[in-house]
Every structure is written in C-alpha cells, then in structure tokens.
Amino acid sequence: MSVYTNVSAAELTAWLANYSVGRLLACEPIKAGIENSNYFVTTTQGRYVLTLFERLPAEELPFYLDLMAHLARHGIPCPAPIADLSDRYVR
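One point on numbering: in my numbering, the residue at position 53 of the sequence shown is 53, and numbering is uninterrupted.
Rather than coming from a laboratory, the hints here were simulated on the basis of the structure.
Errors might be hidden in some of the hints.
[To be verified] Derived CB-CB ranges, DEER-like:
{"hint": "1", "residue 1": "A10", "residue 2": "H74", "range": "31 to 39 angstroms"}
{"hint": "2", "residue 1": "A10", "residue 2": "P77", "range": "29 to 37 angstroms"}
{"hint": "3", "residue 1": "I34", "residue 2": "D87", "range": "25 to 33 angstroms"}
{"hint": "4", "residue 1": "A58", "residue 2": "P79", "range": "14 to 22 angstroms"}
{"hint": "5", "residue 1": "V3", "residue 2": "R91", "range": "12 to 20 angstroms"}
{"hint": "6", "residue 1": "A10", "residue 2": "H70", "range": "31 to 39 angstroms"}
{"hint": "7", "residue 1": "A10", "residue 2": "F63", "range": "28 to 36 angstroms"}
{"hint": "8", "residue 1": "R91", "residue 2": "G33", "range": "14 to 22 angstroms"}
{"hint": "9", "residue 1": "P29", "residue 2": "G75", "range": "28 to 36 angstroms"}
{"hint": "10", "residue 1": "G22", "residue 2": "Y89", "range": "16 to 24 angstroms"}
{"hint": "11", "residue 1": "E54", "residue 2": "R88", "range": "14 to 22 angstroms"}
Just so it is clear, the structure is predicted and the values come from calculations on it, not from any experiment.
Note that the Cβ used here is the ideal one computed from N, Cα and C, for glycine as well.
With the hints as extra help, turn the sequences into a complete structure.
Pasting the structure below:
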C-alpha cells in the first residue's frame with residue numbers, strides 16, 4: 001500500500017471547506033503509486049484525486065502545479081490542479 005499519510009473524513013471535510021468542490025461524500029485511498037499519498041475524493045460536485053506530496057520540497061511545488069495548470073488550460077491532457085478559495089494551489 002502506498003498511502004503514507006492517512007486522512008480522516010473530519011480532516012478532509014474541514015480542508016474541503018477551503019475549496020469550491022462541494023461536500024465530501026467518499027474518500028478512498030489509492031493503493032498504487034510509490035512516493036505520494038493519493039485518494040479518490042467524491043463530492044457533491046464530482047470525483048477528484050487528492051495528492052499529498054510526501055517527498056517533494058514545499059518550495060518546489062508551485063513550479064510543478066503552475067506548469068500542470070498551464071498545460072491543462074492549453075488542452076494538454078494532464079492533471080488540472082484546483083485552486084482554493086484564495087486562488088492558491090498549495091495548502
């Protein structure tokens with residue numbers, strides 16, 4: 001299993017309040033992967049993947065998230081990060 005950080009429903013519900021993605025309905029750990037903790041998160045507005053970066057230094061995250069957002073906006077098939085209500089990708 002490659003989930004290194006467990007997330008409770010209460011923690012995720014509180015965290016999702018900072019996003020415009022709806023109310024939490026379900027959270028399922030993704031067992032595949034090697035480095036990060038990933039979850040399928042289902043809300044009243046859709047299904048998402050939550051990635052908790054375990055090894056990448058926090059100061060490097062904005063580069064990768066901004067790049068993914070840029071590529072997704074231009075039609076490149078890749079994960080599209082969702083900004084929080086303060087328009088930030090990293091929390």
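### Query
So does E54 sit 14 to 22 angstroms from R88, Cβ to Cβ?
At 20 angstroms between Cβs, range holds.
### Query
Do the beta carbons of P29 and G75 sit within 28 to 36 angstroms of each other?
holds (31 angstroms)
### Task
Starting from the hint 28 to 36 angstroms, judge whether the C-beta atoms of A10 and F63 obey it.
holds (32 angstroms)
### Query
Can the suggested window of 25 to 33 angstroms be confirmed for the beta-carbon pair I34 and D87?
holds (31 angstroms)
### Query
Quick one: are A10 and H70 within 31 to 39 angstroms, going by C-beta?
Given a distance of about 34 angstroms, which is inside 31 to 39 angstroms, the answer is holds.
### Query
So does A10 sit 31 to 39 angstroms from H74, Cβ to Cβ?
holds (37 angstroms)
### Message
The hint says 12 to 20 angstroms between V3 and R91; measuring C-beta to C-beta, is that right?
### Response
holds (19 angstroms)
### Task
Hint says 16 to 24 angstroms; check whether the CB-CB distance for G22 and Y89 agrees.
holds (19 angstroms)
### Query
Okay, A10 versus P77 on CB: inside 29 to 37 angstroms?
holds (34 angstroms)
### Query
Okay, R91 versus G33 on CB: inside 14 to 22 angstroms?
Between R91 and G33, where Cβ atoms are some 20 angstroms apart, the hint holds.
### Task
Starting from the range 14 to 22 angstroms, see whether the pair A58 and P79 falls in it by beta-carbon distance.
holds (18 angstroms)
In this structure, none of the earlier numbered hints is contradicted; all agree with it.
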